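From these two lone chains plus the hints, build me the complex, please.
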Amino acid sequence: MTDALTPFLAATVRTATPLALAALGEMLVERTGIINIGLEGAVLAGAFGALAGATAGGVAGGYVGAVAGGLLVGAIFAFCVLVLRADQIITGMALTLLAVGATGTLYRALYGASGASLQAPTSGPWAVPALATLPILGEALFDQPVITYVTYLLVPTLAWWMARTHAGLALRAIGERPDAAAAAGIPVARMRTIAVLVGGALGGLAGGTLVLAQAGTFVENMSAGRGFIALAIVVLGRWQPLGVALGALVFGAASALQFAFQAMGWNVPYQLFLAAPYLLTLGALAGAMGRARAPASLGRPL
Amino acid sequence: MRASRGPAWTVFLALGSLMAIVGATALLLLIAGYDVPRALGALWTGSVGSWYALTSATLVRAIPLMLTGCAIAVAFRAGVWNIGAEGQLLAGGAGATAVALLVPGAGTIAIVLSLATGAAAGGVWAGIAAGLRARFGVLEVISTIMLNFVALYAVSFLVRGPLQEPTHAYPQSSSLADAVHLARIPGAGRLHAGIALAVVIVLAAGWVMRHTAAGYRLMAVGESPAAAASAGMIDVRRVTTLAFITSGALAGLAGAVEVLGVTFALYEDLSPGYGYTAIAVALLAGLDPWRVIGTSLLFAALEAGAGAMQRDAGVPSTLVSVIEAFLILGVVAAQALRARRASMVTGGELRRESAA
Chain A
172 MTDALTPFLA
182 ATVRTATPLA
192 LAALGEMLVE
202 RTGIINIGLE
212 GAVLAGAFGA
222 LAGATAGGVA
232 GGYVGAVAGG
242 LLVGAIFAFC
252 VLVLRADQII
262 TGMALTLLAV
272 GATGTLYRAL
282 YGASGASLQA
292 PTSGPWAVPA
302 LATLPILGEA
312 LFDQPVITYV
322 TYLLVPTLAW
332 WMARTHAGLA
342 LRAIGERPDA
352 AAAAGIPVAR
362 MRTIAVLVGG
372 ALGGLAGGTL
382 VLAQAGTFVE
392 NMSAGRGFIA
402 LAIVVLGRWQ
412 PLGVALGALV
422 FGAASALQFA
432 FQAMGWNVPY
442 QLFLAAPYLL
452 TLGALAGAMG
462 RARAPASLGR
472 PL
Chain B
301 MRASRGPAWT
311 VFLALGSLMA
321 IVGATALLLL
331 IAGYDVPRAL
341 GALWTGSVGS
351 WYALTSATLV
361 RAIPLMLTGC
371 AIAVAFRAGV
381 WNIGAEGQLL
391 AGGAGATAVA
401 LLVPGAGTIA
411 IVLSLATGAA
421 AGGVWAGIAA
431 GLRARFGVLE
441 VISTIMLNFV
451 ALYAVSFLVR
461 GPLQEPTHAY
471 PQSSSLADAV
481 HLARIPGAGR
491 LHAGIALAVV
501 IVLAAGWVMR
511 HTAAGYRLMA
521 VGESPAAAAS
531 AGMIDVRRVT
541 TLAFITSGAL
551 AGLAGAVEVL
561 GVTFALYEDL
571 SPGYGYTAIA
581 VALLAGLDPW
591 RVIGTSLLFA
601 ALEAGAGAMQ
611 RDAGVPSTLV
621 SVIEAFLILG
631 VVAAQALRAR
641 RASMVTGGEL
651 RRESAA
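Line order of the protein sequences matches chains A and B.
Just remember that the numbering used here sits 171 ahead of the position in the first sequence, which is counted from 1.
Just remember that the numbering used here sits 300 ahead of the position in the second sequence, which is counted from 1.
Here chain B stands alone, though its shape is the one from the complex (with noise of 0.2 Å):
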């Protein structure tokens, strides 16, 4: 799954995953029985088959997409499994909302501190998790998933407590002002700034992996916390911790730029589980910031042209997780059989020990 095979390879691959999603689909709707070239027109229709479909319902939402499985690439490089995407999102959300609310006019000023407040109650409610695996060894799989789930109850509490709108009658957040809206891309529907934001970090993010000496160390650390160790100059505790309140900050920044360019306000549904389909954007992209571009639009459009089969060919819009989850069920099997053939190979071990 590394990115060293140079630009055919990763053409290649982009168009068989592209093929195999397709295939699983009809697939899946052949066997449960579904008007299959129905189905499948209505999610070509959805997703790219047209100039709205493709800038309002794809391209919106492969923003958080691409900015939450960043956040996962990140976690997962250093060898952490932080699961808590969703939550640190909805924490990311909720801050952002709180400070656009609070901070009065002034356009960009309010956008960035906004912003910023996103990002770091994404890197804080990261954080806790972090802690408690730095200090305590809990295992984050587990502590990220419940602090999902305390994310959802907070914001439902916040919606309909301290944050609620001023009548009372809605679980949702006042609308923000209009100077604090992520401006529109013109032209394009509802797709705002967010993109340009999106691409321009995830770009980044890749960029400090591959050449930094930070990059260097999460990556080292990721795959051998003992020979990280052992190598001395590497900090493993001090360079995990980071690596996943990074990915915590991302996530909420994911939050954030949602509040800010597309709901305009704080609900508890913010997220219809970004955080999550992360996960499948981010092994997809064999884990590379810059590969994640690709996937979270892919994963978009799936998830966009979803919508449409419901409404047109009455397809469950939930088959677009039995899909991710066969996605990435293949592309662990096919990392399995491979780390197996090089050891196969070598006649050595040549596995990787999962952080213990």
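Same shape as in the complex, but just chain A (with noise of 0.2 Å):
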């Protein structure tokens, strides 16, 4: 049993570390009242950039790359919602609508209309020091590509920095009551920016991750909905830093099943699977939706 439960688990590890980064930085831009549908753009202009800066500058240039490209679907939205004020859903549908045609485009003029399959350099597994030889769990957490690690330490700094700081608690505030977070000399167009950036930066890098650690190529559209998922971990997650990690595994352990089910030989039609996490999204909404809480100004018009 075990030889088929830790590469489940690894799987499990493997496929929710984009979803969370993604979802990490969506919650911030939720809990300033703010509803970025344009994440999958982020995504998927971060899967983009890893592979142009991957292509120059190596694993690292791909990280760079794939900020750059989340940070970029982050600034449109940020200066469309925040300084022109037009409507959330339609500008981020907009985006993602953007970052699908402009990183088609681009692939097709950069490198071959035929869509030749390009390698980009990766970053394999780095196995901590002792942690990775633990039974069970231990190849699966610790034996992971770096920005997994990386992952890991921001859950919990990011529900310290909300718990434990002004900063976090201002954050917090201007999703509650942004007219009363203003009025007690909170900057609250100034943290929606940063909130925004850092939400399209993240998840830019979850796109990064896609590439990097996980396919080592870019594929159009590679980003398949994962941004839009990462919307609904948010609210599975409660919008805190660890339901939103806990959520994440949810998903990666869906889409792990996947692969547990074919070793095993079930006979079950295979298209099932790919529907799993989507099915799973909307099963989970229903029954989060009426229990949780969402920041009071969420989507509401500036």
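Keep in mind that the hints were calculated from the coordinates and are not lab data.
Just so we're clear, the structure is a prediction, and the values are computed from it rather than from any experiment.
Worth double-checking, as some hints may not be accurate.
Restraint-style ranges between C-beta atoms, simulated for each label pair [unchecked claim]:
#1 M435(A) / D335(B): 33 to 43 Å
#2 Y470(B) / F430(A): 22 to 32 Å
#3 D478(B) / A395(A): 35 to 45 Å
#4 L330(B) / G283(A): 18 to 28 Å
Think of the CB as a built atom: it goes at the ideal place given N, C-alpha and C, for glycine as much as any other residue.
What follows is the structure, given as structure tokens:
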């Protein structure tokens, strides 16, 4: 049984990493009362940025490119929604469409219309000494690419920052009562802008993870709805860092089940597994929405 | 974006949009370093440059865009963010195919049954998201996107499973019998009777919105659910759910018409993203079904021309998505700026509360 269990757990953590990164970023954004549907676009732009960066400067260059791609999407969103005060939902959808079109066009223009698969350098797993040899969980948790460990650190850091610092309190206050926060002297617009940019950067990093730690190449539309799933994970995690991390693991597990069942030779249509994360999202949202309380000003026009 | 300034304004807006699109395309091509005159020439030839291109490429594409664009307009007007037209279209295509294959012969009756089933399937698919919103408060933005993916995999399963053609060699359904094909318009290439159906339905939808109590309720709820509820007489939840399902039915019909009029079989890639382009179509039309007729023609020409640009000038056809995205951003930004100017003039809060 452990023969099947360890690969399953490892696959769970691997798939959960980009989801957690994107969802943690979106959580920060939503805590300021803004909902960025363009997260999917940020993930895709990050994936393309990773390819462009990695061909120029290796894995490190790839992650720089990924963050740059996500930041760009975040910056456009911030300009449209926070400066021009355009509708959040429509702007987010348009940015996702823009990312699909722009990455597809650039990819074909730069690397050929045939879409010949280009190899990007990848960062292999790095086993944490001692921890990786722990039974069952050791290999799954501590023999992963470095970006996964970054994600591990990000969760408690964000939890501490949100709960224990003035800036974290200000962030939460903006999401609940932006007018009261502004009256209390909190720079609402500036904090929202920063949150949107950080959210974009983390979304880009998620896309970078897909290229640099998993696929080793870029494929058109390779984000495949992960940004949208991350939006659902934020709800599932009740806008708390730890909850979001657990939510990402649940989705990682759902995707990893696909490989586990295939290994066991179950005769179920494979499309069911491909559809599973999306079906799970629907079920989870129906279950979570009733109990979870969103930031009070979430999605309200500015 | 309201349709209250008369026909001259509409013509001005249409010409302005057209020039903005051509201008933006030329600019993007220039930046990307393509041969601009050659690419624009291909755009023209492939879309409206010949009778064949106009009928068989542009008008054929305009049919699903008109119906899905109208679907989005109805939903958005009611404050329902239905991003799921793509999935609803696929559900409609699958439903229509199943009926058209099962009901033997009997031309017109089979066609009507198939189209009705397609619309119903689209309505049911949207109904899932509508139910989740009404019952659990699930954001339809997320649920409809999830349902798009589920629909895609469901069709992928159907064309490799229950609906696969008998030789099991290709991922597609059997071809539909000639008797259930929508009639071709004589002398107009691949253009089929679906164009008349689409125009009639969109005209009817616009008429209902403008001139009936149901349309008034729909727009009242979209403008301000709280005001509509406190004014009494309007059951907000009922109106939103109905608008949502109607929207799904229109998109489902688009899928059914596409199967009976163009592909004659169910394929995974039945739609090249009509349900997403529809958002741009509806927004550029100011969410007015009648204007959707114009904007759907515009985007159909753009997409038809983009195919030709790729073939003749090597310009990636994905460029169209970039243009669409810029158009949407331009429209919402202009809308926001105008709303802000209006609120400065009145000195008050003139903002729309979105469905919370």
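Hint check:
no.	hint	in the structure
1	M435(A) / D335(B): 33 to 43 Å	violated, 55 Å
2	Y470(B) / F430(A): 22 to 32 Å	holds, 27 Å
3	D478(B) / A395(A): 35 to 45 Å	holds, 38 Å
4	L330(B) / G283(A): 18 to 28 Å	holds, 21 Å
This entry does not satisfy hint 1, going by the numbered hints stated previously; all others are met.
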